[in-house]
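Numbers given in my numbering equal positions in the sequence shown, counted from 1, plus 1162.
For the record, the hints were derived by calculation from the structure and aren't laboratory data. Owing to the predicted nature of the structure, the values given are computational and were not obtained by experimental measurement. The beta-carbon is built from N, C-alpha and C at its ideal position, and this holds for glycine as well. There may be inaccurate statements among the hints.
To be verified - Restraint-style ranges between C-beta atoms, simulated for each label pair:
no.	residue 1	residue 2	range
1	G1216	S1278	29 to 39 angstroms
2	A1236	P1176	34 to 44 angstroms
3	S1279	Q1163	20 to 30 angstroms
Unchecked claim - Below, a list of computed lysine-lysine pairs in the DSBU-like style, where the Cα atoms sit at most 35 angstroms apart:
no.	residue 1	residue 2
4	K1205	K1226
5	K1226	K1237
6	K1205	K1248
7	K1237	K1205
8	K1237	K1248
9	K1226	K1248
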Amino acid sequence: QVQLVESGGGLVQPGGSLTLSCAASGRISRPYVMGWYRQAPGKQRELVASMTSGGNTYYADPVKGRFTISRDNAKNMAFLQMNSLKPEDTAVYYCNLRPPGPGGSYWGQGTQVTVSS
């Protein structure tokens, strides 16, 4: 089993910055993909950014140029640096770990990010 714990959410004014962290523990198969998703009230969960073990990244169009995903493979951690935050970035942000092979992935409990003045 794999456990994911997010931290770093909070309330920030428009234009501000936040960094989310995700710590993974347990029996982790490698290589794996780390991703950050978000879900706003009344909306579906959406992929925000992801990163492979080799460093390949993906960013959703709304966050390109503002968010940066990174990871520390030795510590099984992932990070999401969020700059120039907008009210529409308000959501619960979830960390996701997708191991190799068939089967599902693992989710954290989520951390609330609220962008408001």
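Verification of the hints:
no.	hint	result
1	G1216 - S1278: 29 to 39 angstroms	holds (37 angstroms)
2	A1236 - P1176: 34 to 44 angstroms	holds (35 angstroms)
3	S1279 - Q1163: 20 to 30 angstroms	violated (41 angstroms)
4	K1205 - K1226	holds (20 angstroms)
5	K1226 - K1237	holds (26 angstroms)
6	K1205 - K1248	holds (17 angstroms)
7	K1237 - K1205	holds (32 angstroms)
8	K1237 - K1248	holds (30 angstroms)
9	K1226 - K1248	holds (13 angstroms)
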